[in-house]
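> Taking the hints into account, I'd like the entire structure generated from these sequences.
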Amino acid sequence: MKNKRQMLWSALLKGYGVLFLVFLYLPLGLIVAFSFNANPINVAEWTGFTLDWYATIFQGASVEGNFDAAFTESPERIFDVIRTSFVVALSAASAATVIGTATALALARHKFFGKRFYQALLLLPMLVPDIVLGIALLIFFVGVGIELGLMTIIIGHVTFLSSYVFVVVSARLAGMDTTLEQASADLGAGPLTTFRRVTLPQIMPGVVGGFLLAFIISLDDVVITYFIAGVGSQTLPLFILAMMRRGLRPQITALAVLILLFSLIVASIGLILRNRKP
Amino acid sequence: MGFLQILSARKVYQTPEGSSVQALDDVTINIRNNEFLTLLGPSGCGKTTLLKCIAGFEDLDGGDLILASKSLRSVPPHKRPFNTVFQNYALFPHMTVEQNVAYGMEVAGVSKVERDRRAGEALELVGLSGFGGRRPTQLSGGQQQRVALARSLVLKPKVLLLDEPLSALDRKMRETMQIELKNLQHAVGITFVFVTHDQEEALAMSDRIAVLAQGRLQQLDTPTEVYDKPANEFVANFVGTSNMFAGTVASISGDRVILETGNGRRLAATSTAFRVGDQVRLVLRPEHLTILARDETGDADVPAIEGRVRETVFVGSTMQVHADIGHGRTALVSHPHTRRGSSDIAPGAEVRIGYSAASGHLIPMRSA
Amino acid sequence: MAGDRFMAARKRNALLLLLAPISIILGIFFLIPLGIVVVYSFLEPGLYGGVEWTWYPYNYGRILGWPLNDYEEFDPIYLKIFATSLKYALMTVVFSLLICYPAAFWVSRRSERWKGFVLFLITLPFFASLLIRIYAWLLLLRPTGFVNTALEAAGIISQPLDLLFSGTAVVLGMVYIFTPFMFLPIYANVEKLDFSLVRASQDLGASPIQTFLRVILPLTAPGMVAGSIIVFIPALGNFIVPSLLGGAKVQMTGNLIERSFLQSRDWPFGSALALLIMASVVVVLMIQTVKAGRAKGGRPA
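In order, the protein sequences belong to chains A, B and C. For the first sequence, the positions run 23 to 300 when the numbering used here is used. For the second sequence, the positions run 4 to 371 when the numbering used here is used. For the third sequence, the positions run 106 to 406 when the numbering used here is used.
Since the hints were made in silico from the structure, they are not lab data. Errors might be hidden in some of the hints.
Claimed, not checked - With a straight-line cut-off of 30 Å between C-alpha atoms, the simulated DSSO-like cross-links for lysine-lysine are:
1. B:K161 x C:K116
2. A:K137 x C:K220
3. A:K137 x C:K297
4. B:K159 x B:K185
5. B:K185 x B:K232
6. A:K36 x A:K26
7. A:K36 x C:K220
8. C:K297 x B:K159
9. B:K55 x B:K175
And the structure:
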């Protein structure tokens, strides 16, 4: 029996849910919509549709007849920054995937003294505030005498990305039936064959999901990179941060939309893979 | 000489709380070639641990495991000539039925042609020809069970280990599979070591039953011996239902033993293993007891047990009669309801319960 | 037995191989650097950046109130900024909790098909670039931003409101970027909530408010606590959001740390500030661990 009050509550909850999604997506939606706004001064005031901002990101020069489209960053610089970001994200995420997966396997399939220590240790990089890890790595690299640059960014990213991969792969391993590995051994397969033929295919969605998560986080990291990038190498988030601090330009909005699009596509692939049933 | 010898097997587990549990305590079993041996016991008795130790998934802490006069203790599981049918079947979900069955041959380097042929034969053996292309998840529980069997049998193991393989099936399916398994074992001529907690299953299928409790071997014998002559109180209670009476041997003539309980009740049994004055327990199975009709006398020198019917439960083939027999004891009688005098059995009725001395089995009082 | 030892040795080798990389990475590039931060926080800052290797507790003294010498007067500005950071972090936790709690119930009541899709939608922004999500609020809150433009167009205000560069903007921005962190643990908890318990409570005569306070709230508390911690930690040490949405007006400890390292180059002082943040995080985690341990039912001795 559903009385009126319950129905009212249920309707309120539904309305609230819609508001919640609006809260999440409206700001992002506005960026996308107004990245096509021709008004160069007030982004919020719609004066017409244009693709100029997108065009000028990669052209550098001003679009004819539109002075405000002038964009001071050279296209080479942007491509350079994007390349740096991808090199960092790909190498850091790959290394973190191998390390995180190996660690997950060790902790899930072995009993050993100090296991609890490792479990706690692996959570720490995710719990330590970014800024603390950032300055710690900065002091360390400078103190040891490693020049800040691409290498330090990659190493810095691997330290905390390994934990994320570890968590994702561990969840997958926990959901995996351990008797499958026993069955494989029972049928005559050695440890390596068992890993390659049974364990790896079973945890693959977790490994891929962990990689994608690490990739996205690395690509997006501002704080830690901010401290350990040095002067020579700039990643995309650092580049955007610098642009934002210099003043708002319509090109930032357009670039933001492109990045948004890219990370949402990668994230969608990751989420869909993760939700696929084992 | 056994075919596969388990010698004084010992295994200790550490509980998370820090105490240790003896999962296997000095278990010795000689498994014979081509026999159907069942490891029977309640959960936690060590039967699955023993199976895992044989398969090699667990290491023994003491004792040995000998196959053809060679110790297996240093042989890793994938090099032991045994195969296991797991409780949950453990079929690889990312492979087809055929790939599952061929897996063991593939890792052993058997040629593709040979693999296909043998996998086909194995699937035919378990009645699943034509299912090779399916995924395990597309099969019913019973079918998955058969795939697991085919996957193990195709490797022609020296011993097939089965870990409660029928427990996930419904009752009807389980009964069908019991017969099929038994027939299969005869057909392939491979030693089966079967783990179960279901005593009916054990009695129905086994050549021999090893009853385990608290990590110790309680009795190792044929199903009829285990049922009719349980070695101790645990086996008597775990396998079938028993009426049990503790007492002292009062007199012996030939193999006829009269014992007297603490309440002065005199009961008869057949045994030659005891002397006057021994402390013993008498085991009487419910189906060995009958409610005597008014004019019946029963066995001449076996004193009938006087009682009063408390309740009756009709279970189809028999009437289960619970009767108060004094001193707070209840006797359970499995009474064929077609027998004469059955109509007199109603709650409150005074009855005499008879049995034959030959059905009375004695076990020593103190036994582990 | 020799064979057993051989097998055990092989297992141990495999384990060592699997654990070696993480041990190196976290040992050298995580634990040692954190240790160095602790050491640095007790060293004297050098004249032109760098450090002097002498015992120097006055980095903490500057923050907590034991000045270097009698001439200096203690200025509690750093404590004030730390208090502001705590306040904003707590406000962020409270607001995101209030926003996410009902939303979790909403999602848990959807049908299976919708649930997957809605969860996907809620998780997705988490992966959108952090800077861009902050940038969105910059556009919204600017004097010429969407909010002011909309309000002016509607005739509610005549002068643009000073929305940006305020504590409100900072908290709003942090709530927005941390919402997925708060939502997921709460949702995981609410999803597990057995609604028959709610019906049982109602059946036993409890009013809706009583049912909420006595049944629903205690059962969903673990998720709320977990979410609060996950939001509190990055909020407390944040410096990106205050530097972009707070401008010069809003200072959080994170901004101080950043400046100590990259502008004034007083690394020991920055290390001390960072350890203040770390200490707060450790305190929060310890309280949670102790409470969780107690909730698990530590038997009375």
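> Indicate, hint by hint, whether the structure satisfies it.
Hints versus structure:
| no. | hint | verdict |
| --- | --- | --- |
| 1 | B:K161 x C:K116 | holds, 26 Å |
| 2 | A:K137 x C:K220 | violated, 36 Å |
| 3 | A:K137 x C:K297 | holds, 29 Å |
| 4 | B:K159 x B:K185 | holds, 17 Å |
| 5 | B:K185 x B:K232 | holds, 24 Å |
| 6 | A:K36 x A:K26 | holds, 15 Å |
| 7 | A:K36 x C:K220 | holds, 13 Å |
| 8 | C:K297 x B:K159 | violated, 47 Å |
| 9 | B:K55 x B:K175 | holds, 28 Å |
Violated hints for the displayed structure, listed by number in ascending order: 2, 8.
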